[in-house]
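Trainee: Sequence:
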Amino acid sequence: MNPHLLTLLIFIPLAAALLMAFIPAGKKAIYKYVALFTGILQLILSGGMYYLFHPKGAGITDERLYQFVDRTPWIRLDLGSLGQLEVDYFVGVDGLSMPFLFLTALVMIIAVGASWNIQKSVKGYFILLMILDMAVMGVFGALDFFLFYIFYELMLLPLYFLIGIWGGARREYAAIKFFLYTLFGSVFMLLVIVGLYFSVTNPETGAHTFNMLYMMNPANYAPDAIFSIAANHELVGISARLLGFIVLFVAFAIKVPIVPLHTWLPDAHVEAPTPISIILAGILLKVGGYGILRICFSIFPDAAQQSAWWLGLIGVVSIIYGALVALAQRDLKRMIAYSSVSHMGFVLLGIASLTTEGTAGAMFQMISHGFLSAALFFLVGMLYDRVHDRNIYHFRGLASIMPRFTVFVAITFFASLGLPGFSAFIGEAFVIIGAFNAESVNGILPRWMAIAGSLGILLSAAYFLWTLQRMFFGQTRLKGGEEWTKALTDASPRETLIMLPMLGLALALGIFPALAFDKINASVLALVELVVTN
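For the sequence shown, position 259 (counting from the first letter as 1) is numbered 275 according to my numbering, and the numbering increases by one without interruption.
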């Protein structure tokens, strides 16, 4: 395997952004075609990498079991008595990251398709979109914590401007709220990163290091280091390792997001333009779940085991609260935003079970929710582009005037609520199985959590089916009358072309879940073993 394939995948969007910078602003059409070509190239490259990825590539703590590894010394600085600063450009792929690289490429090309009619500051929009693409790919590939943090923070800037400039009426408020929430978690994350850096040494050179894989091995911690297992340091009366876990968990939980750290999400979704809502739901929420698995659980497995009950409880609360609030919404986009809070709660419940089936179910749920939520927000955008209204009560009987659009909405709703035969059913079923078995396997989660979590499936059926019945069936009644009837044209060929791959993937993974499970299984097994045997 060519070790530079991953580097190429990460930095293709940066090359596209630089190319766009030299194209005159008057040639608006060129930007979207450059972005589309970049997206297609990334999709082909990530699809090829997914195909070439060996299922036995467990990764986690062992560099030899990572694939597409590219490692180069980046920063070397003599700090005198503090030793040498050691930062590497270190990227690689295992079963935890490979599916998300492909998912990112898919969702980004959907976002480009949804951006086709953007008219405002087209050059700046697509350049920011490409920078965001690069940052997300970098997050999923980085194995050096310093490099990870750079990509993680780099996501923040383009999103802030994409929401704040191209968003709705309250775009500045939503952008600032998103920025402050994410920055709050990032600042404290940096403190833990610094603490880990001074706690861990490279066994080959003796220098302090940001290498994540070295941080996962207790043997690489200095005996008296702040995060050493042996030293058992305490800060504000709490074990330093538990405190480090909590800080990192909160930083990633804001991205998931969990209750009560979710309040930025509905505002960001409602005010963001459709393509950015697609990226937020399809990719950015997965960064939170991925960070919990890759960093929190892998570097602090002892604290993860200690906190599992509370994580399961937070997952259950997020599932039920998100579903109940979604049921009460009148704005279609806000309803789908709260449904994301509920569905991502399943991810946390599965991770907290510390079982193979629960963790695999959480991974599968993130993959499934990635393209299904992208499809949902794209459908809302189709409706909003035509009449500039999203109020559920302003529509009735849409099936008679938009039959193809109605079919897309019905299939996506049924797939999202967990109908057997679709991908969401597999993810949620495995999470429930894992949470139910956790009591007998490791005694961590009580079975009532699995039962309570399953109520979220029932509630999601309630709000999706109620919305489908209210908006699409019965006698046609539209707030805008004849004007709306003329404006509400059915799905165009471009919109149909965007929807079909997402619905096809939901069906393919629902019928053949091995398409994903075969790639993630070895890494899930290695991660669960790392946590439960610690």
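Treat the hints as calculated values from the structure; they're not laboratory data.
No experiment lies behind these values; they were computed from the predicted model shown.
Note that CB positions come from ideal geometry on N, CA and C, so glycine has one too.
Be aware that a few hints might be false.
[Claimed, not checked] No farther apart than 25 Å at their CA atoms in a straight line, the calculated lysine to any residue pairs in the SDA-like style are these:
1. K136 with Y66
2. K495 with G184
3. K193 with T221
4. K139 with L206
[Unchecked claim] So the derived label-pair ranges between C-beta atoms look like this:
5. L541 with T501: 53 to 59 Å
6. R402 with Y189: 24 to 30 Å
7. E499 with V210: 58 to 64 Å
8. G63 with T88: 39 to 45 Å
9. Q100 with N233: 48 to 54 Å
10. P234 with R486: 44 to 50 Å
11. E220 with Q135: 35 to 41 Å
12. T549 with W132: 46 to 52 Å
13. A223 with P509: 21 to 27 Å
14. W132 with E169: 56 to 62 Å
Trainee: Evaluate each hint against the coordinates.
Mentor: Structure-based check of all given hints:
Among the hinted pairs, K136 with Y66 is inconsistent with the structure: their alpha-carbon atoms are about 36 Å apart, more than 25 Å. Among the hinted pairs, K495 with G184 is consistent with the structure: their alpha-carbon atoms are about 21 Å apart, no more than 25 Å. With a C-alpha separation of about 43 Å, the suggested pair K193 and T221 falls outside the 25 Å cut-off, and the hint is violated. Straight-line distance between C-alpha atoms of K139 and L206 comes to about 33 Å, which puts the hinted pair past the 25 Å bound.
In this structure the supplied range 53 to 59 Å holds for L541 paired with T501, their Cβ-Cβ distance being about 56 Å. Range check, R402 to Y189: about 26 Å between beta-carbon atoms, so the 24 to 30 Å window is met. Here the CB-CB span from E499 to V210 is close to 59 Å, well matched to the stated 58 to 64 Å. A hinted range of 39 to 45 Å is violated for the C-beta pair G63 and T88, which are about 26 Å apart.
Between Q100 and N233, the C-beta spacing of about 20 Å breaks the proposed range 48 to 54 Å. In this structure the hint that P234 and R486 lie 44 to 50 Å apart at CB is violated, the actual value being about 56 Å. Between E220 and Q135 the C-beta distance comes to about 55 Å, which lies outside the given range of 35 to 41 Å. Checked against the hint of 46 to 52 Å, the C-beta distance between T549 and W132 comes to roughly 51 Å, which is consistent with it.
Our hint of 21 to 27 Å for A223 and P509 is violated, since their Cβ atoms are close to 57 Å apart. Taking the beta carbon of each, W132 and E169 are about 30 Å apart, not inside 56 to 62 Å as hinted.
In this structure, the earlier hints numbered 1, 3, 4, 8, 9, 10, 11, 13 and 14 are contradicted, and the remaining ones agree with it.
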